[in-house]
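Asks: Spelled out from the first residue to the last, the chains are:
2 protein chains.
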Amino acid sequence: MTPAVVEQLRAALGDRVDTDSASRQRARADKSGHAAPGTPLAVVHARSVADVQATLRIASATGTPVVTRGAGTGLAGAANAGAGEISLSLRDMDSLLEVRPADLLAVVEPGILNADLNTALAEHGLWWAPDPASRAISTVGGNIATGAGGLLCAKYGVVRDAVLGVDVVLADGRLLRLGHRTVKGVTGLDLTSLMIGSEGILGVIVGATLKLRRLMPGAVCAVAATFPDVRTAAEASAAITASGVQPAIMELMDAASLAAVHALLALDAPTPGAAQLTLQCDGPAAASEADAIAAILRQAGGTVAVTSDPDEGERLLAVRRAMHPAMETLGTTLIEDVSVPRSALPEMFDEIARIERERGIVIPTVAHAGDGNLHPNFVFDAEPDASGVVDVPDMIWEAADELFRAALRLGGTLTGEHGVGVLKRRWLADELGDDQWELQRRIARVFDPQGILNPGKVFAV
Amino acid sequence: MTPAVVEQLRAALGDRVDTDSASRQRARADKSGHAAPGTPLAVVHARSVADVQATLRIASATGTPVVTRGAGTGLAGAANAGAGEISLSLRDMDSLLEVRPADLLAVVEPGILNADLNTALAEHGLWWAPDPASRAISTVGGNIATGAGGLLCAKYGVVRDAVLGVDVVLADGRLLRLGHRTVKGVTGLDLTSLMIGSEGILGVIVGATLKLRRLMPGAVCAVAATFPDVRTAAEASAAITASGVQPAIMELMDAASLAAVHALLALDAPTPGAAQLTLQCDGPAAASEADAIAAILRQAGGTVAVTSDPDEGERLLAVRRAMHPAMETLGTTLIEDVSVPRSALPEMFDEIARIERERGIVIPTVAHAGDGNLHPNFVFDAEPDASGVVDVPDMIWEAADELFRAALRLGGTLTGEHGVGVLKRRWLADELGDDQWELQRRIARVFDPQGILNPGKVFAV
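Respectively, the protein sequence lines represent chains A and B.
Everything in the first sequence is counted per our numbering, starting at 111 for the first residue and increasing by one.
Everything in the second sequence is counted per our numbering, starting at 111 for the first residue and increasing by one.
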């Protein structure tokens with residue numbers, strides 16, 4: 111029997127309402143390995159702002175929860191829809207509506223893939239800087255809703271730095287246009303920033319005005335350096351930051367990560383215990399910056415290779431890019447995302463080593479070392495239960511709990527770029543404090559008085 | 111007779127409670143020329159977070175409005191305190207608490223002057239980029255509370271891009287620590303951004319963690335170009351932006367501004383009708399960028415001078431910096447602050463010329479041309495009334511109203527960097543729309559349920 115709300119959706123939206131069993135199953139999960147309990151009522155494939163408004167009017171009238179979804183590449187479970195919920199997919203709203211080179215702005219629908227946007231912008235000599243590792247498969251709307259980061263952030267900023275305005279449909283179906291088309295603008299409260307990283311709990315982002323950069327002219331130089339252990343590599347990365355030279359990319363891989371990737375790519379096994387820094391410099395001074403960086407890394411005990419050959423540079427970075435596939439060969443992975451002040455990177459690696467030692471587990475870790483953002487990977491064996499849900503074992507959560515507390519002690523944060531979703535909601539109050547947690551929750555209720563937008567995400571209750 | 115609330119404040123805070131008549135008079139006004147009606151009950155000179163908390167607890171318990179104040183350099187009346195209100199001055203909380211060169215961050219109290227902070231940071235080779243024209247006399251807390259901009263914004267960003275976290279005392283006296291010490295962080299809603307530009311209506315900013323830059327090495331080059339009229343100058347600035355060369359500063363002065371400044375500085379009178387662009391380039395490529403800019407400006411019809419001599423460069427910029435003193439010689443000034451997409455700058459100057467023509471007034475205008483932010487100056491004769499309040503004449507507000515509507519039509523905003531305060535609150539809903547206006551108001555009520563924080567500012571009712 112079709113639920114009444116699905117009948118209403120179908121009457122309003124016709125074949126954009128998808129109740130196919132496989133579609134609904136797919137809407138339960140993202141790339142975190144976690145899936146929502148139960149199966150959503152339907153997946154709405156919105157093709158217009160009006161479709162989103164119609165969906166939310168029906169959801170509001172019937173008190174039905176709505177879980178907004180882009181490409182489903184999230185790593186915190188924020189877009190996972192379960193029993194009794196509507197999965198609202200914006201993936202088909204993927205147009206690039208406007209490009210204004212003279213104003214360095216573009217207007218997009220939310221479902222456009224980050225990489226597709228950048229391919230289109232390149233024809234104008236332009237570029238939207240946020241570059242999550244998922245950029246080939248993740249949507250701009252999803253990047254905004256999670257406040258995504260990426261490899262180039264230390265030099266070129268995160269999503270928060272690259273969005274001028276967003277169009278938002280509220281829970282009751284009203285459309286708001288937030289922000290500006292101007293570089294400067296301080297009219298009232300900055301609700302655009304509030305939407306960035308709000309993970310679907312405040313409203314549905316149906317359009318965005320993006321702040322663009324010009325494509326960086328000139329060649330790119332890459333540097334790779336191997337160190338006897340991860341702490342030395344972390345100290346070397348802190349020395350780069352302290353020196354004032356600004357690489358575009360500075361990635362750190364620990365020994366377990368390096369070993370897994372080398373195995374996947376059929377490369378020679380790395381020296382046991384060795385860790386690696388991979389850097390890229392761009393812009394007119396790329397070559398001299400790469401040389402300066404190489405000198406610092408040698409001084410710090412690294413074995414260093416520098417190249418201005420694009421293919422060779424790409425080969426060096428390919429090792430870093432193979433990290434996620436390499437982890438998948440090891441088992442089910444809980445990818446964590448703590449961030450610490452850059453100078454605390456060596457201490458954070460000490461903490462990870464301590465947790466590994468005390469718990470007898472291995473936590474392969476990569477870091478965006480230029481901005482102090484670490485991705486420790488907890489790998490475990492797990493079979494999905496009858497409803498397809500993979501449970502993270504308690505002992506893994508206990509280790510993750512220790513990791514989070516260590517990051518907070520070092521002045522850091524639970525999540526640098528993946529968001530809270532369902533996977534980190536139980537630690538949110540530990541970082542925010544109870545007063546701020548409650549304040550945030552009450553702000554969300556102003557946007558969504560009934561609590562139908564992504565309930566159970568971000569806030570634990 | 112001393113009001114009961116002042117007795118309570120004095121019991122808690124002793125001589126930090128100032129009821130001197132001259133102090134209370136000063137707290138009524140900022141640099142906008144506008145003053146609040148009536149006189150505040152007292153000025154509290156807070157010296158610590160605890161002082162601020164004590165003040166707000168008493169204010170909450172007694173339902174007394176609190177108007178937070180830094181150095182009183184605002185241009186929208188947001189810090190003006192009137193009858194029945196407490197003026198809460200943070201000017202004495204002016205310590206630089208922490209500088210972390212390796213993490214490119216500093217922690218400050220709100221009352222530190224922008225220029226004093228940057229003098230102290232320079233010893234570490236560091237720099238906080240926001241540079242409002244008032245930087246020598248305005249506080250960092252005030253810069254944050256107004257979301258200040260400045261001359262260098264097009265290249266180095268606004269306040270929003272340079273704050274990692276803020277400590278905030280809520281209306282009820284509770285202290286919240288918002289944001290991060292890390293470059294990346296997406297834990298929950300971005301309340302730090304919400305505080306930036308909130309003009310004292312959400313809470314009192316009692317501390318800030320600032321994102322720093324390294325001082326730019328190398329010489330600075332300056333370029334000045336004169337054009338036969340302001341539209342040609344505006345088109346030339348749009349051509350610079352479109353070319354992709356990024357000057358650090360690009361200021362435009364129209365004929366009336368130039369004439370007033372030349373008179374003030376006793377320089378030769380400029381060619382009638384002529385407008386001027388003044389630019390500065392910095393960084394390792396400053397000289398070649400200045401040459402590229404000079405070529406574009408000549409092509410656009412400008413008479414161009416380039417200099418790498420620091421004194422000569424300073425002399426060129428001094429003309430722009432003398433704008434506000436020059437306006438003060440002409441009469442009482444309402445300094446406006448519209449911002450438009452950069453490509454719309456020539457059209458916005460056309461609109462200003464139209465308003466001047468139709469209304470028979472002169473509106474000397476300068477612009478941060480690199481980011482499309484204009485400061486039209488409405489000059490008028492006015493005598494303060496018996497209570498010292500200067501009223502802007504209706505015909506000036508009517509002209510300003512036309513200006514705002516023209517900026518909005520061109521895709522712009524009411525205020526690029528000065529804020530809404532009292533002077534622009536009646537236009538706020540025109541830009542935001544009624545739905546967003548109401549939503550913003552309800553968010554403010556979550557922070558301040560009694561409405562004691564800066565009542566009557568930003569929102570008209």
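Hint data in this document are derived by calculation from the structure and do not stem from the laboratory.
Fair warning: there could be bad hints in the mix.
Sample of chain A residues with no beta-carbon within 10 Å of chain B, all distances over it, derived [as the list claims (entries may be wrong)]:
| # | residue |
| --- | --- |
| 1 | Leu312 |
| 2 | Thr351 |
| 3 | Leu426 |
| 4 | Val472 |
| 5 | Gly526 |
| 6 | Gly529 |
Covered, in the sense of this in silico footprint (three residues per stretch, anywhere, with C-beta under 8 Å from a C-beta of chain A), are these stretches of chain B [as the list claims (entries may be wrong)]:
| # | region |
| --- | --- |
| 7 | 127-137 |
| 8 | 140-148 |
| 9 | 211-218 |
| 10 | 230-239 |
Backbone N, C-alpha and C define an ideal beta-carbon position, used for all residues, glycine too.
Asks: The structure should be examined with respect to each hint, and the outcome stated for every one.
Replies: Verification of the hints:
no., hint, in the structure
1, Leu312, "8 Å, violated"
2, Thr351, "6 Å, violated"
3, Leu426, "23 Å, holds"
4, Val472, "25 Å, holds"
5, Gly526, "4 Å, violated"
6, Gly529, "5 Å, violated"
7, 127-137, "violated (count 0)"
8, 140-148, "violated (count 0)"
9, 211-218, "holds (count 5)"
10, 230-239, "violated (count 1)"
Going down the numbered hints, you'll see the structure goes against 1, 2, 5, 6, 7, 8, 10, while the others check out.
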